[in-house]
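Participant: Below are the chains, spelled out letter by letter.
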Amino acid sequence: MKLTFYKEGVECGFPSPARDYTEGSIDLNEKLILHPNATFIVRARGKSMINAGIYPGDLIIVDRSIKPINGSIVVAVLDGELSIKILELKKDKITLLSANHDYSSVHVSEEMDLIIWGVCIHSIHKLYKK
Amino acid sequence: MKNKVFALIDCNAFYVSCERVFNPKLNNQPVVALSNNDGCIIARSKEAKALGIKMGVPLFKVRDIIKKEKVHVFSSNYTLYGDMSRRVMNIIAEFTNDIEIYSIDEAFIGLDGVPGDIEKYGHKIRKTVLQHTGIPVSIGIANTKTLAKVANHIAKDDISFLGVCSLLKFKNIDKLLSSVAVGEVWGIGRQLSKKLNMHGIYNVQQLKNIEDYRIRKMMSINGLKTVTELRGVSCLPLEEVRATRKSCCTSRSFGRSLQELEDIQQAVAIFSRRAAERIRSEKLLASNVSVFLRTSPFDKKNKYYFNSSSIHLSVSTNDTIEIVKAASRITSQIFKLGYLYQKAGVLLSGFYNEGEEPVDLFSTNYKIRDNLMETIDSINNRFGGDTIKVASEQHLGTWTQKKEKCSPSYTTNIDTLLVVD
Chain A
1 MKLTFYKEGV ECGFPSPARD YTEGSIDLNE KLILHPNATF IVRARGKSMI
51 NAGIYPGDLI IVDRSIKPIN GSIVVAVLDG ELSIKILELK KDKITLLSAN
101 HDYSSVHVSE EMDLIIWGVC IHSIHKLYKK
Chain B
131 MKNKVFALID CNAFYVSCER VFNPKLNNQP VVALSNNDGC IIARSKEAKA
181 LGIKMGVPLF KVRDIIKKEK VHVFSSNYTL YGDMSRRVMN IIAEFTNDIE
231 IYSIDEAFIG LDGVPGDIEK YGHKIRKTVL QHTGIPVSIG IANTKTLAKV
281 ANHIAKDDIS FLGVCSLLKF KNIDKLLSSV AVGEVWGIGR QLSKKLNMHG
331 IYNVQQLKNI EDYRIRKMMS INGLKTVTEL RGVSCLPLEE VRATRKSCCT
381 SRSFGRSLQE LEDIQQAVAI FSRRAAERIR SEKLLASNVS VFLRTSPFDK
431 KNKYYFNSSS IHLSVSTNDT IEIVKAASRI TSQIFKLGYL YQKAGVLLSG
481 FYNEGEEPVD LFSTNYKIRD NLMETIDSIN NRFGGDTIKV ASEQHLGTWT
531 QKKEKCSPSY TTNIDTLLVV D
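Chains as they are written, first to last, in the numbering used here: chain A, 1 to 130; chain B, 131 to 551.
Derived by calculation from the structure, the hints in this document are not laboratory data. Honestly, I wouldn't trust all of these hints.
[As the list claims (entries may be wrong)] Example chain A residues on the side facing chain B (calculated, C-beta under 7 Å, incomplete):
id, residue
1, Val42
2, Arg45
3, Gly46
4, Arg64
5, Lys67
6, Gly71
7, Val75
8, Val77
9, Leu82
Glycine included, C-beta positions come from ideal geometry on N, C-alpha and C.
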């Protein structure tokens with residue numbers, strides 16, 4: 001998608017006096033994706049992350065090159081199952097939190113196999129539906 | 131002169147690994163990927179290997195074991211594999227400027243002048259590729275490309291190397307080489323391997339030590355090069371791509387940097403034609419066309435840009451016109467205005483032998499053009515490679531894929547993204 005960005009407002013009727021102030025265009029790929037080779041887009045399903053601003057059907061930009069920290073929203077693989085969760089890192093204890101009271105959180109025990117697939121860096125939510 | 135240092139980076143069971151990135155349940159499960167026509171097995175996870183499923187075996191021959199052992203089977207998803215390959219290669223290219231993309235899942239790199247522990251550097255590359263893409267790779271490091279390939283085999287075979295084997299740290303590599311069969315050496319096929327076995331040559335150590343006159347007798351001129359390389363003397367520089375059955379790449383740096391799409395289209399058309407000629411001479415048909423573009427990595431004044439993309443052809447072909455069309459379409463997609471392009475290339479892959487390609491009922495039959503291609507080739511052979519060219523044109527064709535057990539194009543189609551709860 002290309003959006004042209006004008007420093008001045010655009011006037012109707014006459015050739016815009018702002019024409020000479022064009023600053024190129026905003027490239028959302030460039031702005032939203034920091035590491036293109038390590039970035040994947042996934043689609044969210046379910047309502048477990050609604051209070052974190054992730055709604056069913058949203059596009060989530062996931063960066064695999066970022067190191068997850070306490071509080072990161074991540075795509076986690078727990079015993080082979082993919083899910084979007086908030087990563088809570090406390091001393092000796094890892095928890096995957098949901099952002100919706102109707103959904104449970106999971107304490108990751110020794111026997112469980114947890115892989116952080118990537119860190120969610122943006123959510124794209126559609127506001128206008130045809 | 132200081133010895134050269136090469137590394138071969140090879141993705142482990144690449145097609146299977148791509149499927150696993152988007153379907154983690156497949157980890158630790160037996161998984162195989164099929165050739166284009168769902169005909170043969172062309173990639174196996176190590177669990178599938180352990181079940182005795184051989185490389186290249188037709189699917190129907192292993193149906194029983196697949197059912198019994200619940201082996202996961204995938205049609206080859208070249209759209210996905212091509213995109214994952216692009217990512218892996220781009221990440222490797224961040225570590226070195228000397229890179230030769232050898233096939234969809236292998237690259238040779240030059241590591242001359244890397245300061246410090248080269249093996250550690252190898253582990254760093256391996257870790258980065260794995261973290262950023264989810265694809266595990268093995269790395270072999272040595273003073274020649276052929277030895278780097280042997281080292282790669284050792285890294286894959288012996289888990290104690292943790293994926294990276296550098297022959298540079300061994301004072302004497304003879305013992306290691308004697309553990310590798312001659313058939314594993316780059317450029318030694320099944321026939322030659324049998325022949326060598328008959329002469330009592332079974333492992334790489336033995337091959338390395340036979341006298342030159344015997345090598346000349348048993349092998350071609352390339353054979354002598356191979357053995358010389360096994361002795362640690364580099365004869366094959368990067369980018370001198372020897373014929374490979376997995377892919378065919380033609381690329382060139384431009385005489386001057388190009389800015390206009392039109393100029394680049396022209397160059398890409400030339401590369402496409404050469405690649406098509408080359409695979410025609412080898413009686414191969416390609417089902418996948420990739421194009422890459424890049425600016426100079428050494429130009430510190432201007433912004434760096436690298437991009438590549440692929441198209442899957444519903445009908446595999448070695449027809450210059452079809453390949454130029456596909457390459458031109460990709461070029462328009464990946465071209466971005468405002469950069470000084472220095473290099474481009476065309477990569478053909480997904481090969482069939484002529485006559486063994488799958489038949490597509492709904493597509494035009496390109497066979498009628500075979501005579502034309504034959505004529506063009508004979509004229510070009512006689513009067514020089516550039517006598518007859520294609521007037522490169524834009525054309526939007528339909529490239530669709532038909533496969534039974536194909537995973538979605540997770541990374542290239544917004545309607546088939548990975549869905550996560």
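Participant: Could you run down the list of hints and mark each one as holding or not?
Facilitator: Going through the hints against the structure:
Among the interface hints, the one on Val42 of chain A holds; its C-beta lies about 4 Å from the nearest C-beta in chain B, closer than the 7 Å criterion. At about 5 Å, the closest approach between the beta carbon of Arg45 of chain A and any beta carbon in chain B falls short of 7 Å, and the interface hint on this residue holds. Proximity of Gly46 of chain A to chain B holds as hinted, the smallest CB-CB distance being about 5 Å (cut-off 7 Å). Interface hint at Arg64 of chain A: satisfied, since its Cβ lies 5 Å from the closest Cβ of chain B, which is below the 7 Å cut-off.
At about 9 Å, the closest approach between the beta carbon of Lys67 of chain A and any beta carbon in chain B exceeds 7 Å, and the interface hint on this residue is violated. Hint on Gly71 of chain A is violated. Least Cβ distance to chain B is approximately 19 Å, over the 7 Å limit. Proximity of Val75 of chain A to chain B holds as hinted, the smallest CB-CB distance being about 6 Å (cut-off 7 Å). Because the beta carbon of Val77 of chain A sits about 4 Å from the nearest beta carbon in chain B, less than 7 Å, this interface hint is met.
A hinted interface residue such as Leu82 of chain A counts as satisfied when its beta carbon comes closer than 7 Å to some beta carbon of chain B; here the least separation is about 5 Å, so the hint holds.
Taken one by one, the earlier hints fail for this structure at numbers 5 and 6, listed in ascending order.
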